[in-house]
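**Q** Residues per chain, in single letters:
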Amino acid sequence: QGGGSAVIDMENMDDTSGSSFEDMGEMHQRMKEEEEEEEGEAGAAEEEDGEFLGMKGLRGQLGRQVADQMWQVGKRQASRAFSLYANIDILRPYFDVEPVQVRARLLESMIPVKMINFPQKIAGELYGPLMLVFTLVAILLHGMKTSDTIIREGTLMGTAIGTCFGYWLGVSSFIYFLAYLCNAQITMVQMLSLLGYGLFGHCITLFVTYNIHFHSLFYIFWLGVGGLSTLRMVAVLVSRTVGHTQRLILCGTLAALHMLFLLYLHFAYHKVVEGILDTLEGPNMPPFQRVARDIPVVSNAVLNTTAKAMALTL
Amino acid sequence: FAGLADVSISEDIPVEGEITVPVGSHSPDEDYSTLDEPVRDTIMRDLKAVGKKFVHVMYPKKSSALLRDWDLWGPLVLCVSLALMLQGGSADSKDDGGPQFAEVFVIIWFGAVVITLNSKLLGGTISFFQSLCVLGYCVLPLTVAMLVCRLVLLAGSGTVSFIIRLIVVMAMFAWSTLASTAFLADSQPPNRKALVVYPIFLFYFVISWMILTFTPQ
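Protein chains in written order, with full-length UniProt numbering: chain A, 1 to 314; chain B, 1 to 217.
Bound-form chain B, shown alone (with noise of 0.2 Å):
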């Protein structure tokens, strides 16, 4: 054990380095310089954001721009939206045969959060608000064909009104599938997408069916 006598470190080599450590690109500093632009450029950015967002929607690509930056204001306003003109479909003035604006939010909500904890518990990789703002978002179809039903119930409400208006829910009921099977199907084991397509199917079924028997006092 001679040679290990001699380990320790002579006096006059000086050690040196840097205690310190660099900060960095002060990057909480940026994000708090939203802070000082102008409202306008805020609500034109979301704006922007939710705009692209639905046109991913009418036109479903294997995009992931849906995925990455989730937001819930375009399923908000989409909601809101469709709630809204579901109102006053009661055939009589006394008691309220048609969807309140509650019952058809907490329907859509609570069908998304089931239909997200379902493709969890199967396995799924998309994380829980990923999945409800596609959800959310797929609903645009179901809310252009409220609006088009309601222009032909202005026009008349005969059989042929209720053909178009049929062929036309049922159109936009089989694209908001797709468009939501699209985006969640990829994020599935591959034997396991019929157990995940299923509820979606049944989920916009039941808005399309609220849509369709919906008929203006």
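Excised from the complex, chain A in its bound form (with noise of 0.2 Å):
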């Protein structure tokens, strides 16, 4: 093995036990080896039996061939289509990356660049992006966790791959989409490692609002982290696109999604959901559940009387 290709090859696999492919392998082995006895044996036997062996050796032969002939087609087509299929060095170019060059993307995701005259560099990697979503997926379960929601119609690692992929997939595609109506250059591998990154911003606010719960403070980290983020990503596709109709819709899109997103993923994982879940099973059910928490006096009032808005209109 070395630094050769990636492919995942089943057929130099240890086990041994219960693959077709083996034992056709070794039973083709034995066959060639058993040929080769039985040649020098049909020598010495051809005097007694002339005929009658000659025909047995014949059709034994025949269907030897047979045999071998099949068993050598399903390997060829196998072979092809794991070599089609398991290969996973179309994505290698992707994950070429060293650690500082990941440390410096993510501190540049954070600030807007001032040149939007002549098109930004993106770097077309996946191994941030990746990692970032998966980061937020760990983020969110542990504020769903201390936030004892419960959901009932999925799981909790579920609704969390979910959201954070769908996110990521579907957003980048959308806006991959408007990119190709309103002539932005950019590549799809380009958009999902953007918006990848982008999600550094919202990473970083919701560890440190879902451990420090004060409302006041989130709304500050919206601004300002999310903002700086949403900034970046919006600069960068700003200098890509030409004409102020598009650069409005492209921008304003992709702004509102992500900003929007950031609210989402706070209020719809860290407080209670479940009182919405109950007010649609009856009537009987109490709107909401409180959890206890150290929340300043002020954003308590002002979360009650919302609460009490949201019940009454549902």
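No lab work stands behind these hints: they were computed from the structure.
Here the structure is a predicted model, which means the values were calculated and not measured.
No residue lacks a Cβ here, since even glycine has one placed at the ideal position from N, Cα and C.
Everything hinted at is true.
Which residues of chain A face chain B? A few of them, derived with a C-beta cut under 7 Å, are: (1) L91; (2) R92; (3) F95; (4) P99; (5) F134; (6) A138; (7) K145; (8) M157.
Calculated cross-link-like contacts (lysine to aspartate or glutamate; reagent style EDC-like; alpha-carbon spacing at most 20 Å): (9) A/K121 <-> A/E108; (10) B/K61 <-> B/D186; (11) B/K193 <-> A/D96; (12) B/K52 <-> B/D71; (13) B/K52 <-> B/D69; (14) B/K48 <-> B/E37; (15) A/K145 <-> B/E103; (16) B/K193 <-> A/E98; (17) B/K52 <-> B/D41.
Put the complex together from the two separate chains, hints included.
**A** What follows is the structure, encoded as structure tokens:
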């Protein structure tokens, strides 16, 4: 093994029991050895039983050749199918990064660029965004557990993974589609990378505010950190788009979705949602189950009135 | 060209040699002979191999035994026992607040597959199943932590028990991460070790989180 291909090479696996390819391979090998032995024997016994042995030998050889051919065709087809589907080498160039580069890109994702007159370079890398999405999943789980969110029709892990991956892949595709309509110069991998690194701000904000439960702190972080990462993404997109209307559509959509997602993550998974779920069940359930928490009185009152208003409207 | 006319082999020199290829030591027969041994021998052999790997995980040295003879029995046993112990952690009998069996199972195997693919894409030299084997075996300290947590929770569930559980889980989480790093990071180019260690850290962090927040009914 070396730094060569990363094909998942099933034929060289160590388990030999039960795999029909290995069995066919061994049968093939033994058939070859038997053939050589029989050639020696057939020559000696030829004088005794000439015709009869000749017939038996012929049919046996024919059968063996047919089996041999079938095995070889099957082997060729299977290895072709494997090299087509199990070849993860197509993803290799997107993971070719050094830790210093990842760190630099993470810090850069919070700094909006000033030059929007010529296209900014976006690194088409998938390692950083993928790790950031998984980190966001872990932070969401932490938030859901500390707020005792009880989700009925799904599971905690499933919800967290679905939300984060759905946002990353779905919004990337949607913005890529809009970029295609607005004639922006960006490829799908670059869009995935840009949005993925934009989630770094979300990770920081949620990590801090899930542990320190002050609503005013959350709003400051939302505007500050969330705003910075959104500004960076918007600036990069603006530098790659021509025309005022197109820039406005593209960047407005991205900014709105990004900021609203952070808002949604904080309120949906940090505060209890089960009040709403319970209200949907029947009129006899109380509209809200409070969780005791250290929240200053002001935001407490705000939340109370909001919750009552929402329960009334539902 | 007069000298070349004489190149033909004269007919009275016999051309001789061996045509048949020696068949060798009949090694397929030796493998098939394990079919004849009593079942007890087969099971004991596999159990001993699994036990030896457990010992390697608890005292992680740079040995290649874990990598060379990989097997997935140990990870399966650990995964199933961890998932069984994490059941029944719901706060209410009506709805399920704790992770289901299938959830834990899927998290462990899906997480291990993702980490393996990641380390292969970053240029690792370890094979797919070897990596799965190592990651699965390194769940052992966390399973031990789960056992300890359950026992501590039998005694009571106050602040003291939470602090004890927190310390135990954190220690076992560090042990798991260090053990799997000791086996897996060697197969990477030296400047990219941090890129491989981080997903392993996240993976064991999620499992530790599930163990720590487990509250029995």
